[in-house]
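With the hints as your guide, set chain B with the ligand onto chain A.
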Amino acid sequence: MSSGFHIVVCGSLVPDPLQTLEPIAGPAGPALKNEMMLPSVLDPWAAHALYEAAHLAKTAAGSKVWLVSLGPKAKLQQLMMTIAQKAPFELVVVDGSASGFTDPFEAAAALASAIEKIPGLDRSRLLVFGGCASASRDASVTMQMIGEQLGIADQFLGVDELTVQPSGAFKVLERIEGGQYQASECAGAPAVLAWATGNLPEPPNNPQVGMANMRGIMPALQKAQPAKVGAEGVTFAKVELPQQKRETRIVKDVPVEEIAKEIITWIKG
Amino acid sequence: MSQTNSDHNTAVLSTLPGDDVRQIMWRFADRYDLQMVVQSTRSVARGLVAKLVADGARNSHEWNEQKAEMLKAFDESGVTAVFMDPEDGGFIAGPKNMALALVAFELSWVDAGAATCSLAGNLALAPIHEKGTDEQKHTYMSRCLPAQPGENRKPWRGAFALTEPLPYVGVDTGVVSGKVRVAEWKEGKEPVLQVDKRGRFITNMGFANFVTAVVDTADERIKSSCMIILEEGDPGIYDRGSATLKLVHQLSSTCDPILSLKVPANRIIGGYTIKDGVIIPNFSHGEVIEAVFRRTRVTVALMSSAKLLSAIEPVIRYQRGRFRGGDSGAPGTPRYDLGLQQKEDAVHRLTDVWASGEASASLGFAAARLFDALDEVEKRKNQIFEEQGIKGARAQMKALKVPQQGALEYIKLLYQGGKRDQKRFEELGKDTLVQFLVTDSLANVLCPACKLWNTGHGADMMREAVSLMGGYGITEDCPGFLGQKWMDTQLEATYEGPEAVQRRQLSVTMTNELFLEQYREWIKEMRQLAAENTCIGAGTLAVAMELWLWTLEHLSTAKDENGKVLYHGQRHGVCFPLADALCWLLAVRYQMLDTLELKAKGPANPVLTEALPGFVNFFSDLCAVQAARAAGEAGKICAELVYGYHRLPEGSGTCACSLKAGSGVSFDGKETFVHLRNRLDECLAGARLAKDRAANAVTQVMIPEALDYPV
Ligand SMILES: Cc1cc2nc3c(=O)[nH]c(=O)nc-3n(C[C@H](O)[C@H](O)[C@H](O)COP(=O)(O)OP(=O)(O)OC[C@H]3O[C@@H](n4cnc5c(N)ncnc54)[C@H](O)[C@@H]3O)c2cc1C
Chain A
-5 MSSGFHIVVC GSLVPDPLQT LEPIAGPAGP ALKNEMMLPS VLDPWAAHAL
45 YEAAHLAKTA AGSKVWLVSL GPKAKLQQLM MTIAQKAPFE LVVVDGSASG
95 FTDPFEAAAA LASAIEKIPG LDRSRLLVFG GCASASRDAS VTMQMIGEQL
145 GIADQFLGVD ELTVQPSGAF KVLERIEGGQ YQASECAGAP AVLAWATGNL
195 PEPPNNPQVG MANMRGIMPA LQKAQPAKVG AEGVTFAKVE LPQQKRETRI
245 VKDVPVEEIA KEIITWIKG
Chain B
348 MSQTNSDHNT AVLSTLPGDD VRQIMWRFAD RYDLQMVVQS TRSVARGLVA
398 KLVADGARNS HEWNEQKAEM LKAFDESGVT AVFMDPEDGG FIAGPKNMAL
448 ALVAFELSWV DAGAATCSLA GNLALAPIHE KGTDEQKHTY MSRCLPAQPG
498 ENRKPWRGAF ALTEPLPYVG VDTGVVSGKV RVAEWKEGKE PVLQVDKRGR
548 FITNMGFANF VTAVVDTADE RIKSSCMIIL EEGDPGIYDR GSATLKLVHQ
598 LSSTCDPILS LKVPANRIIG GYTIKDGVII PNFSHGEVIE AVFRRTRVTV
648 ALMSSAKLLS AIEPVIRYQR GRFRGGDSGA PGTPRYDLGL QQKEDAVHRL
698 TDVWASGEAS ASLGFAAARL FDALDEVEKR KNQIFEEQGI KGARAQMKAL
748 KVPQQGALEY IKLLYQGGKR DQKRFEELGK DTLVQFLVTD SLANVLCPAC
798 KLWNTGHGAD MMREAVSLMG GYGITEDCPG FLGQKWMDTQ LEATYEGPEA
848 VQRRQLSVTM TNELFLEQYR EWIKEMRQLA AENTCIGAGT LAVAMELWLW
898 TLEHLSTAKD ENGKVLYHGQ RHGVCFPLAD ALCWLLAVRY QMLDTLELKA
948 KGPANPVLTE ALPGFVNFFS DLCAVQAARA AGEAGKICAE LVYGYHRLPE
998 GSGTCACSLK AGSGVSFDGK ETFVHLRNRL DECLAGARLA KDRAANAVTQ
1048 VMIPEALDYP V
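Residue numbers (the numbering used here), protein chains in the order written: chain A, -5 to 263; chain B, 348 to 1058.
The following block holds chain A by itself, in its conformation from the complex (with noise of 0.2 angstroms):
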């Protein structure tokens, strides 16, 4: 495998997570009040995609990585000042709602056409990563959606581990229930990998690598194409936020064996 993988990571922005995040009723549908306004992240599962994107592409020599990202380009700009500092990749970017209310196969459909348009593109060599789910929609089926449109059929859902081996083949540790992974092997690109956390730290910011990816992510953002994606037709009945609950029980001396155990019973359902 001489000449190195096409790495396409698919990640676009969400609220960052210590914001307050209030459902509202917005004009087209169910919103974030504020939403503009709030801070935002790198999908935290997309941001792990990236990572892993960028270790692969250092260790296998000729590699490339672009970064697919649907989302308002004025706010994707301001997230680029950190993201663009963390690895080396090239920015597509498709102008429309990130909202976490927008429907996963308009925006599976929005990434695989932009995907599709990225000129020298080489079929053959890509691999599609993105999260496993995203922070903000958590729908679990979008990374399988541009998979299809695309026509590639070897997915991995919930990775944490890729092996290439020198043949351009490779190994696949996926998440599945009960804490196990399955292992397989892949003969090659093109696949389809939606990432769980993988094995990486976030790489520290460098900026002198973000100014380097500046020099394509301004124009990248100019052009950047509008599409429409939303909801249309899909009524939502109620939108409300995960109540905290608050289950403590008191326990005055125990030793901390005897709580260690009930906590592992506990767990252990």
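Please note: incorrect hints may appear among the correct ones.
Unchecked claim - BS3-like cross-link-like pairs, simulated, lysine-lysine; straight-line CA separation at most 27 angstroms:
no.	chain 1	residue 1	chain 2	residue 2
1	B	501	B	526
2	B	526	B	398
3	B	948	A	217
4	B	419	A	52
5	B	501	A	52
6	A	27	B	946
7	B	398	B	501
8	A	67	B	948
Unchecked claim - Here are some, though not all, of the chain A residues that point toward chain B, as calculated from beta-carbon distances under 7 angstroms:
no.	residue
9	12
10	30
11	31
12	68
13	69
14	76
15	133
16	134
17	205
As the list claims (entries may be wrong) - Residues from chain B that face chain A, not an exhaustive set, calculated with beta carbons under 10 angstroms:
no.	residue
18	362
19	366
20	367
21	368
22	391
23	953
24	954
25	1052
26	1058
These aren't lab readings, by the way, just hints derived from the structure by calculation. By construction, the Cβ of each residue, glycine as well, lies at the ideal position given by its N, Cα and C atoms.
Frame of chain A; chain B with the ligand shown alone:
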């Protein structure tokens, strides 16, 4: 303050101002390099630095491995390289005052000691950067540059040693007891110098590999004082000394070093020449220090601003949650939702803290941007002088007298707008010396003004912020580390020149006619803004500025009963308060300009479309609040100075208590002064309404669920 009238738009503040808002206000919306520096510094500040503080790393005086992790984080995140030019491995081309100001701001948002630690490394390099020879610049910049990928090298760290053990030199005095002598001078060889320097309170000394030290000559073969570079491996004593038992900024290292070393003469910063067997340093220590401090003091000023603004979110959260969990208020009741924010005083005081923070940040960032402009024009000026063979401070001063008239003319044309003689304006705009004089006159005021006001008044307002958190405020685990920040602000007011030094400098620079000419134009600008009904308190400020100028002019000629002119450098009781008054006025002026910038440029950012009117209204109200406060402070000072040196009329005793209205003292121009004072009072109409609106916004603004540090 007739502007704040009833047609005031009612949009309220939606969220706390984020990066989109700040980039516009502080004018770096088109500087992606700076935006990235902000993000990367923020991740170190709110990550590692916050964890260090939370883990109690401030509880030790010694430098240790835990604190040293910060240096690694600064290197990895590009913070160390911000100071370097691209040719030395940095990534920001051109002047870096604004970049360094943003770094200091972000670090101090969490812990000012971390900011000091980062900035002291730059302070050590600054003499070399400002005045060093090309070789010195290249050597030390490249040694201090963090290792690049694939390199196995430990970056060097530096310390800057001016201050000496008592009773010797502080930042202010010309008397230096550190000495340099010729140790060995062989025919045709580089002389070897013996340097003896004892330092006090030297930052970074716990780990520095080199020191840029201030020393005076103790040898007739060395002409003057200088700054000199000392390295850890030089022959002699390089004793770091004991750690200072600081109550503040404990994440930085401070020691009292003892240095007695032999070094080659080429370590003299800026080089030297030899004439008649005497080594003549190209720059005395004073020349180097002046170039350094006027820049680094701005960064220190912004450290205090960051702390005030960082206090807003934790205080709001504390106030709102104050009664939650008790029996007396169920969710949905005002007591539950608003907590202490039901109380007018609590939100009014928080509004004051916020308004001060805004004014201080606006003043500080304006100064940082101005120094970026000054750096460019100063470089061109130096080139011209070099070409013309004009050397030395005195010769330069003489040469700069020539373009003085042109500079005054330029200022007038600058503010004339469309009506001006455009050809002449452009001509003067291209004249480097004119541009230098104008920029320099302002920089000479803004630097001490922000260092003085942001830190001094900042410390007062940090105390106010701490008190708003009740007992929690003075605990180690107060969210936002407000107690520590309060204490830390006192150091910012002290190091790099205590307040008295700033006041002294201001009392000279604020009387420069070039500054005063700009100031006069600003009064007109404020009147114009007031006429346009901008609702920012511009009318109040215009009158207060006029009153200050009248007072300065009056005191410059008025004499006391001994026939001595009142406004005199040695008469601190007159000059210093007037300098303080000016700072209040300058700060709110820049706050207004930033608010107007947001109003003008905000609509171009689609992210802000919806929220912009709320931000503009709120910031305008904060301006009006601050303008009222600043006008009050300035008015009070002016009145005391104008009346305070008059003896009471015959027969009225020794104090003014028995004085009846109208039977008081008289002086030239009294009617004008009284008239201005009255107008100032009247201009306060509406100021409290603005405060009520701002305070109301503070009760409604949406804040995050939790503070983002430590996480
Ligand atoms: C934590 C810390 C770190 C430091 N880091 C460094 C460093 O890295 N390098 C370095 O060289 N120094 C450093 N310093 C020293 C610092 O710059 C000085 O402490 C500071 O400039 C004040 O000088 P001083 O302590 O001698 O005070 P003084 O000069 O004694 O001032 C005390 C007071 O005297 C009065 N006063 C002084 N001068 C005048 C005047 N001209 N007119 C009127 N009143 C006056 C004022 O009330 C003033 O506040 C540091 C200090 C601290 C505490």
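So if I understand the rule, the pair passes when the alpha-carbon distance is 27 angstroms or less; does residue 526(B) with residue 398(B) pass?
violated (42 angstroms)
Can we keep the residue 133(A) interface hint, with Cβ of chain B closer than 7 angstroms?
Since chain B brings no Cβ nearer than about 24 angstroms to residue 133(A), farther than 7 angstroms, the hint is violated.
Closer than 7 angstroms between Cβ atoms is the bar; does residue 76(A) clear it against chain B? Give me holds or violated.
holds (4 angstroms)
Please verify that hint: residue 69(A), Cβ, nearest Cβ of chain B, below 7 angstroms or not.
holds (6 angstroms)
With a cut-off of 7 angstroms on the beta carbons, see whether residue 134(A) makes it to chain B.
It is violated, given that the least Cβ distance between residue 134(A) and chain B is near 25 angstroms, above 7 angstroms.
Quick one, is the residue 205(A) hint okay against chain B at 7 angstroms, beta carbons?
For residue 205(A), the interface hint holds, since the closest Cβ of chain B sits about 5 angstroms away, which is under 7 angstroms.
Restraint check, 7 angstroms cut-off on beta carbons, for residue 30(A) near chain B:
holds (5 angstroms)
Checking hints one by one. Is residue 12(A) an interface residue toward chain B, by the C-beta closer than 7 angstroms rule?
holds (5 angstroms)
Chain B contact restraint for residue 68(A) - C-beta distance below 7 angstroms:
Constraint on residue 68(A) satisfied, holds at 5 angstroms.
Residue 368(B) as chain A interface residue, shortest Cβ-Cβ below 10 angstroms
Holds. Min distance 9 angstroms.
Mind checking the alpha carbons of residue 501(B) and residue 52(A) for me, to see if they're no more than 27 angstroms apart?
Satisfied, since the Cα-Cα distance of roughly 25 angstroms is no more than 27 angstroms.
Under 10 angstroms, Cβ to Cβ, is where residue 954(B) needs to be relative to chain A, so tell me if that hint holds or is violated.
holds (5 angstroms)
Hint compliance for this structure: hints 1, 2, 15 and 16 are broken, all remaining hints hold.
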